[in-house]
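K.L.:
Here is what each chain is made of, one letter per residue.
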Amino acid sequence: MAETLLAAAALAKSFRNGVAALAGVDLAVMPGEFVGVLGPSGCGKSTLLRIFAGLIEPSTGRVERAASLVGRIGFVFQEPTLMPWATVADNVYLPLRLAGVTRTAAASRITAMLESLGLGEFAAAYPRQLSGGMRMRVSIARALVTEPALLLLDEPFAALDEITRFKLNEDLRALWRQLHCTIIFVTHSVFESVFLTNRILVMTKRPGRIAADLAVDLPEARDNALRLTERYADNCRTVSRRLAEAMA
Amino acid sequence: MNGVYWFWRLAAALLVGVGAAFLFEWHVDVPAYFLSRFWRIAAPVLVGVAVLLGWQAAVWFSGVPAYVLPGPWLIAKTLLHDGPSLLGALLVTLRITFAALALAIVVGGALAILFSLSRLLEVSLFPYAVILQVTPVIAIAPLIIIWVNDVFAALLVCATIVAFFPIVANTTLGLNSADRNLNDLFHLYGASRWQTLRLLRLPSALPLFLAGVRISGGLALIGAVVAEFVAGTGGAETGLASRIIEAGYRLEIPRMFAALFLLSLTGIAIFIVLSRLSRLLLRHWHESALEPSD
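Going down the list, the protein sequences come from chains F and R. In this text, residue positions in the first sequence follow our numbering: the first is 1, and each later residue adds one. In this text, residue positions in the second sequence follow our numbering: the first is 1, and each later residue adds one.
Only chain R is shown next, with the shape it has when bound in the complex:
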């Protein structure tokens, strides 16, 4: 078994693949419609299949043991076999993720509204929101786990800290970027602060708020996993991070990959759901949600 040798073979295969793709595109005149609709799905799928096949072949021919690098086939089998036990853990992780996202939306949204109502408050508090954001959660998680007795609550706090900043920053920006002339118009017609907030500033902030939520969805998942890594495997109900740590200790690398796969899938699903939600809410008016044909 020669790892370096296999690396070069894989690299060469990759180069050939990329070259073939270029030749295909240069020499075959693909209709624009075909390219836009069909290939947007088919091309990444093809790349994925090619990578999986290459990976499987490399594992087969090199004889790398499964506790170093399992092939995708073995991972799939493990996923099927360990699925039920991993799904329970996934559910725990998901609970923390969504609770953190909800909390981030409520806390972040409320803070942003407060900031937009009082410039003084924004100037005084915003730097601390930044400090909270730039401090790695992995560094403060041990403290939080010591301070907060309940494991679920501790993980929730950590994940929320990671997730809430994009919502605060985006929503504050959105609330402050309402059209100047519309602002004047509201003033001219004697609108109250509350009316201006509800009818002008909140709708103006919606696109940026939703963009923030989309980022925070992924961050909440990352926060939930990272915090659980720090918290360790204690507690009655444990999430996917604990499964990954356990699998690592026991050198059950296929199981580790299976858990990893589930995590990625969850992240993608959250992103897609939140993107759809954003498009749905903005479909009538915002550039980002308009159909290309419009």
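The following block holds chain F by itself, in its conformation from the complex:
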């Protein structure tokens, strides 16, 4: 059994305005997992993710990160969060640039990453010239270009239309299988979490706790045809029921 990548113990967070976002979260994530965090809006999912990334500190409790995680966490926000003044290639170059990698040394990695997200011909484009889905692809490319050991995604596809979202779900799943990284994916969509992940953590409403830790019973390789199967529907039903219980 491999070493735990990320562990949280009795994690709680209250903000200065008195809002309690999280109340006692325990979990362990192993290397290579694709974990979904599912819960209603405002249940503290995003807060949990930001604590994992080290962007905010928990009020009480602890987060333990494996040594291999230092400087190797990628983050994708709800919005694409691109620099509007920089081209697609420059946006993807940003994390490497901040790490002191020269442009020449980074060029091949950037090109490869853009290719694998279907952005090859948009390297010189500016974000405003792209559709919402393409912008999100750039955001994901930027997060993956550093070859992170852990990728954190905070409802990245929530603002996209369903057709684009389905395509991006397919592609993200394929990328995960190809890159062997660990992903924690926050969403409020039962269907999205079941399609994407291998394990779903169902959260209660605020202050959030983990109400259920469910394994997704689906094949490893997944495409959109899976959405029509009985097995997918069964999984969604189970997760929906647990979500309803958690909300009660």
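It is worth saying that the hints were derived from the structure and are not from the lab. Owing to the predicted nature of the structure, the values given are computational and were not obtained by experimental measurement. Note that CB positions come from ideal geometry on N, CA and C, so glycine has one too. Please note that a few of the clues may not be correct.
[Claimed, not checked] Cβ-Cβ distance ranges computed for the label pairs, FRET-style: (1) F:Thr102 - R:Phe229: 43 to 49 Å; (2) R:Leu117 - F:Ala67: 31 to 37 Å; (3) F:Arg103 - R:Ser177: 24 to 30 Å; (4) F:Ser131 - R:Asn181: 17 to 23 Å; (5) R:Asn181 - F:Arg103: 23 to 29 Å; (6) F:Glu115 - R:Glu25: 52 to 58 Å.
Got chain F; can you put chain R on it based on the hints?
P.N.:
Same frame as chain F, but now just chain R:
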């Protein structure tokens, strides 16, 4: 000569003109393209020509002497005749204006960057920048002219005081309004303060900085002229303000108008150049600089 009588005639002519414009727009179906491209230039030109013609006619028929109100024709002739001597003065004014704008950009930009790096500094100094801004320059110009021996330097200081505030205020706001999530991202990737400033906060501030520069360009000109008014006509090289004062003393009102015309033209030119510059620098990404068809 009855001034009031002529005033009412002019007002009536203006009303008729506005009425005709309304009737034209209501009854003639102008294609949208025509309206947007052609009329955006033609309409103000037509208004200008109409006003000039009305002015000229009023001066002719009323017999107002040129030392009270010269007609545009006489002003144009004076401009042509006195042009060379006025241009020399304009050059002096322009030198002060651009030096003040440059200084305002450097001082204002540097202050804004300092403010963005240290909240304490911003809180301590910003009120004084406001005080400097709200105090009329005409009230402090005599002091500065006493304190600073060199006339050019004194005028430069006055014009800079007038011009630097919009740049400080706008740039500070811009530096502090970088996207929160991008800020987090920079933090996540371990960016240094300098990297965050250069790669995130400065580009974020650029649109507001440029808007500030555009306002400051006009203010620098106003500051240069106002300060020269206070300084008087002493000194070897004097600007347009001195020409205006002289012309006033000698009742050379057409010359006064000619100098005034040059000043307005300069202000417009500065505004247009700075607007173009702003569009050029922001053309790839900022909403303000995008073509309507984009």
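K.L.:
Tell me the hint numbers this structure goes against, listed in increasing order.
P.N.:
1
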